[in-house]
Amino acid sequence: MRSQTLLFSAAVVALSAASAAARAETTLTIATVNNPDMVMMRKYSSNFEKATGIELKWLVLEENVLRQRVTTDISTKGGQFDIITIGMYETPLWSKAKWLTPFDDTPEGYDLNDVLPTVRDGLSYEGKLYSLPFYAESTMTFFRTDLFQNAGVKMPDNPTWSEVAEFAAQLNDTANGTYGLCIRGQPGWGENMAIVGLLGNVWGGQLFDMTWKPGYNSRAWKDAVKFYVDVGNKYGPPGMAGNGFNENMALFASGHCAIWVDATVAGGFLFDPKRSQVSDKVGFAQAPIETWNKGNGWLWAWALGVPTSSKHVREAKQFIEWATSKDYIKMIGENEGWLTVPPGTRMSTYDNPAYQIAAPFAKPTLDAIEAADPIHTTRDPKPYVGITFATIPEMQAIGNFAGRQVSAALTGKTTVDAALDMAAENAERMLRQAGYYR
Amino acid sequence: MRQRIAWGLARAALGWLVAGVMAFPVFWMALAAFKTELDAIASPPLLFFTPTLENFAEIQQRVDYLAHTWNSIVVAFGSTILAGLVGAPAAYSMAFIPTRRTRSVLLWMLSTKFMPAAGVLVPIYLLLISAGLLDTRTGLLLITLLANLPLVVWMLYSYFKEVPLEIVDAARVDGARPLQQLGFVVLPLAAPGVASTALMAVILSWNESFWCINVTAVNAGTLAVAIASFSNPEGFFWAKLSTASLASVAPIMVFGWLTQRQLARGLTFGAVK
Amino acid sequence: MNMAEVQSTNDDPGFPAAPAVAARGWPRARQRVRTWPFMAPAVGLLAIWMIVPLALTLWYSLQGYNLLSPPRGFVGLENYDYLLTDPGLPVVIWNTIVLVVAALVATIVLGTQIAVLFYQPFHGRAVARLLMVAPFFVMPTVSALVWKNLLMHPVYGLFAWISRSLGLTPVDWFADYPMAAIIIIIAWEWTPFAALILLTSLQSLDRDLVEAARMDGAGPIATFIFVTLPHLARPIAVVVMLETIFFLAIYAEILATTVGGPGLATTNLPFFIYSRALLAFDVGGASAGGIVAIVLASVVTFFLVRAVARQL
Numbered sequence: 023m024r025s026q027t028l029l030f031s032a033a034v035v036a037l038s039a040a041s042a043a044a045r046a047e048t049t050l051t052i053a054t055v056n057n058p059d060m061v062m063m064r065k066y067s068s069n070f071e072k073a074t075g076i077e078l079k080w081l082v083l084e085e086n087v088l089r090q091r092v093t094t095d096i097s098t099k100g101g102q103f104d105i106i107t108i109g110m111y112e113t114p115l116w117s118k119a120k121w122l123t124p125f126d127d128t129p130e131g132y133d134l135n136d137v138l139p140t141v142r143d144g145l146s147y148e149g150k151l152y153s154l155p156f157y158a159e160s161t162m163t164f165f166r167t168d169l170f171q172n173a174g175v176k177m178p179d180n181p182t183w184s185e186v187a188e189f190a191a192q193l194n195d196t197a198n199g200t201y202g203l204c205i206r207g208q209p210g211w212g213e214n215m216a217i218v219g220l221l222g223n224v225w226g227g228q229l230f231d232m233t234w235k236p237g238y239n240s241r242a243w244k245d246a247v248k249f250y251v252d253v254g255n256k257y258g259p260p261g262m263a264g265n266g267f268n269e270n271m272a273l274f275a276s277g278h279c280a281i282w283v284d285a286t287v288a289g290g291f292l293f294d295p296k297r298s299q300v301s302d303k304v305g306f307a308q309a310p311i312e313t314w315n316k317g318n319g320w321l322w323a324w325a326l327g328v329p330t331s332s333k334h335v336r337e338a339k340q341f342i343e344w345a346t347s348k349d350y351i352k353m354i355g356e357n358e359g360w361l362t363v364p365p366g367t368r369m370s371t372y373d374n375p376a377y378q379i380a381a382p383f384a385k386p387t388l389d390a391i392e393a394a395d396p397i398h399t400t401r402d403p404k405p406y407v408g409i410t411f412a413t414i415p416e417m418q419a420i421g422n423f424a425g426r427q428v429s430a431a432l433t434g435k436t437t438v439d440a441a442l443d444m445a446a447e448n449a450e451r452m453l454r455q456a457g458y459y460r
Numbered sequence: 020m021r022q023r024i025a026w027g028l029a030r031a032a033l034g035w036l037v038a039g040v041m042a043f044p045v046f047w048m049a050l051a052a053f054k055t056e057l058d059a060i061a062s063p064p065l066l067f068f069t070p071t072l073e074n075f076a077e078i079q080q081r082v083d084y085l086a087h088t089w090n091s092i093v094v095a096f097g098s099t100i101l102a103g104l105v106g107a108p109a110a111y112s113m114a115f116i117p118t119r120r121t122r123s124v125l126l127w128m129l130s131t132k133f134m135p136a137a138g139v140l141v142p143i144y145l146l147l148i149s150a151g152l153l154d155t156r157t158g159l160l161l162i163t164l165l166a167n168l169p170l171v172v173w174m175l176y177s178y179f180k181e182v183p184l185e186i187v188d189a190a191r192v193d194g195a196r197p198l199q200q201l202g203f204v205v206l207p208l209a210a211p212g213v214a215s216t217a218l219m220a221v222i223l224s225w226n227e228s229f230w231c232i233n234v235t236a237v238n239a240g241t242l243a244v245a246i247a248s249f250s251n252p253e254g255f256f257w258a259k260l261s262t263a264s265l266a267s268v269a270p271i272m273v274f275g276w277l278t279q280r281q282l283a284r285g286l287t288f289g290a291v292k
Numbered sequence: 072m073n074m075a076e077v078q079s080t081n082d083d084p085g086f087p088a089a090p091a092v093a094a095r096g097w098p099r100a101r102q103r104v105r106t107w108p109f110m111a112p113a114v115g116l117l118a119i120w121m122i123v124p125l126a127l128t129l130w131y132s133l134q135g136y137n138l139l140s141p142p143r144g145f146v147g148l149e150n151y152d153y154l155l156t157d158p159g160l161p162v163v164i165w166n167t168i169v170l171v172v173a174a175l176v177a178t179i180v181l182g183t184q185i186a187v188l189f190y191q192p193f194h195g196r197a198v199a200r201l202l203m204v205a206p207f208f209v210m211p212t213v214s215a216l217v218w219k220n221l222l223m224h225p226v227y228g229l230f231a232w233i234s235r236s237l238g239l240t241p242v243d244w245f246a247d248y249p250m251a252a253i254i255i256i257i258a259w260e261w262t263p264f265a266a267l268i269l270l271t272s273l274q275s276l277d278r279d280l281v282e283a284a285r286m287d288g289a290g291p292i293a294t295f296i297f298v299t300l301p302h303l304a305r306p307i308a309v310v311v312m313l314e315t316i317f318f319l320a321i322y323a324e325i326l327a328t329t330v331g332g333p334g335l336a337t338t339n340l341p342f343f344i345y346s347r348a349l350l351a352f353d354v355g356g357a358s359a360g361g362i363v364a365i366v367l368a369s370v371v372t373f374f375l376v377r378a379v380a381r382q383l
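Here the protein sequences line up with chains A, B and C, keeping their order.
Start counting the first sequence at 23; every next residue gets the next number (my numbering).
Start counting the second sequence at 20; every next residue gets the next number (my numbering).
Start counting the third sequence at 72; every next residue gets the next number (my numbering).
With the rest of the complex left out, here is chain A (with noise of 0.2 Å):
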């Protein structure tokens, strides 16, 4: 009788649980990047968690940090997180290693045609794709239309970078606090390399040889850090060796710098009255080429992919789907205007006449991005996909110290060949630690 009595109780307790199990919210833990697109897909996310029940946690990094926490989590199996921002750096990596989930199953509406072909291909690893895109950016140059007009000079659309330094030279007034030209200086794979990286492709040159040889001491890489570095001390503002995408754009918005080489995201900021002092006088064209016209500009997205670890891949996937929507563009289009909806993703918001209008470097920016070819980028063969970076594991640590050589041939430390041969001794070393040459 009392062992019917425990049994009956215990049936109860676990059924009871069972139906509370059943009935309890699901919780998504987001890893995210504290860009202001993300900030607002933050904000507005509470649509989401209305409509769904879902109820949504989140971390908010630095882009640096949040990669390396991630990294941590999920290579030690963590668990920590259902949903990670990722770029066209990890996607590759971590799907390579099985991390991350395919997204295969897309639903009808969804319409991935719609996603730009190459920020498609950029997230996608033997043909399947393991993260949709939120935001892509390729590069683009910024200059000053006033101050262009009163030189009397005209920039076209696809210049070199031999045409900006002349630009630049005449435009220099260091009297007045008007540089000719403002590039990043701080060291980092993404930070300097991410320009110099342009450089070094568009005079021929490319960071590794089908042999896994580093490029960075030969001619092409050599010319072009020296031109670099020439131009970067003569038309450079002061501190140039400390400044990255956020230093230029104060420097540009503020009214210091006559061009700018960066990010295409820029024109959202520097188009925006608030944020700019200079949103009514700004021009753009083409990232500049050299000797070889591919490879001038780079290609990153940032994109929400599901780690293999979590425990609601359904719902997070649903998410990352509602985050990535046409309806998701168009309600912040409506909502925040359309200057600020996220760029660079899908081909409906450069078709809408809206964006257009409120974003008159729309077509450039879908230019740039539909050019930028990871595969097919350099004027002699390479072994890795990428434009500025390999995307293999070695690649943040031999970026980096590349990138403290080349500052430190910036500021005159070294020259800039001894700079190069030690980047490129140091890129072989590592490789050879990890195996590459054997």
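Misleading hints may appear alongside valid ones.
[Said to hold, decoys possible] Restraint-style ranges between C-beta atoms, simulated for each label pair:
1. Thr-437(A) x Val-123(C): 41 to 51 Å
2. Gly-39(B) x Ala-283(C): 27 to 37 Å
3. Gly-39(B) x Ala-289(C): 25 to 35 Å
4. Arg-120(B) x Arg-377(C): 15 to 25 Å
5. Asp-127(A) x Leu-160(C): 43 to 53 Å
Rather than coming from a laboratory, the hints here were simulated on the basis of the structure.
For each residue, glycine too, the CB sits at the ideal point set by N, CA and C.
For chain A, the structure is supplied; the task is to place chains B and C on it using the hints.
Relative to chain A, chains B and C alone:
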């Protein structure tokens, strides 16, 4: 007499000058918290500008300030109190009952801080996974406790050494057991030192960011994580970062003010006479 | 008991104090007080904290373990070889030591002066003291960013504006004097730490001694050298030991400003480990780097202890 007044004024002037110079960057940062982003990086730098509270509103919207502050309080004060409870007896023992091993033990305790965090991140992370302590206040508190314990022991040892042995022995002769000596004689006499130690330990845990960011996710994040979320995005951030930082510094400054009053107590050991 | 005798017992730098006390006639029973119950919790906790991660790190340092590749298993001393034969290592170790020594000297010299200054009361001292400690309240990363962007930036920083107003060209700190800039930031952050510890210790300085010295005709400087400094010997030793350990591990300020550059100018050992190993997801290398850092810290401490041990 005149000379003494002059000296007093000179000292005051110098003291305020030093305070001003040290605090100036913090003041400048606090000022930036009330500027728009454009104003924050304006050149020439603006001392006078139209203040705005938009940064505070944005911080409020983007970060659950109260939740993060609570985590910070629990971790910082919890670990400091625990470190005090565990460290004070050890410091007492080493200060008043020293042995030949005391110095080695002190040095050994310090040596537990030799390992840079970057070198030991993955092993600790794996340990936390198996203990189920990831993204918990407990896990972070434990790590903070262990990281600060050597500091607490060393500082308490140093301040305990300044308490005259005679007083402690008098208490012992009067029949007080060691813990009573510690609690009723040593601690009150070393109160300024204890206050300073507590302040240092709390500040170090409050501002600790490496472990905090790497070991928490969305539940146990302290103010250090909240501040990190404003650092270096794609876009202007210096005003917002200053605001977030100000919001984190303010509570700690209040605590600092409270402990400073302990320091003000002019302590002499005239009692020994 | 007169004051001099009490003072001498307290400040006796000799080690251990117990025999001296016993010699003065206190019961031997004192020496038989068992200390291990007091020490056990602290020592036990720290022992676990040290041994378990240390053992794991040692083990990993002998493995070829990259987070992104399948583990290669035991590789012997390969990780150490890779790190120790790095051509940049001598520069990195030199930078580490320069940073530690410069920051130590700056913080302790300034800290002592500030402590002495704030020791005597003056109008509004409490507020001034809190302001003086303010640098230590700010997170290191934020401090570094404030110095880099709001103060030291050669175009829109405050120092640049001041220089231009005086007709000078602004100093490009992080390009031309990167190590000096980092040291300035560290010294600014940590001087309050030293000052506060020393100031607190001054509280127990017997004012009678100071009075006696003054009555003997000693000026302020002589009083400082012969009365104050000896009293501060132990706290200064404590500050030296503690700060050395912290400065050997400095990382956040470098990451936020120079990222170790230009070249290797501001790369110290923790940053070197981060950028060579952790950034490449090389856990084996990072662990080996950790062991190397422990060795370096031990060597430094060994020399430090010889210099200041008497004071402890």
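Do the hints match the structure? See the list:
1. Thr-437(A) x Val-123(C): 41 to 51 Å: holds (48 Å)
2. Gly-39(B) x Ala-283(C): 27 to 37 Å: Between Gly-39(B) and Ala-283(C), where Cβ atoms are some 35 Å apart, the hint holds.
3. Gly-39(B) x Ala-289(C): 25 to 35 Å: Given a distance of about 31 Å, which is inside 25 to 35 Å, the answer is holds.
4. Arg-120(B) x Arg-377(C): 15 to 25 Å: Holds, at about 18 Å.
5. Asp-127(A) x Leu-160(C): 43 to 53 Å: holds (50 Å)
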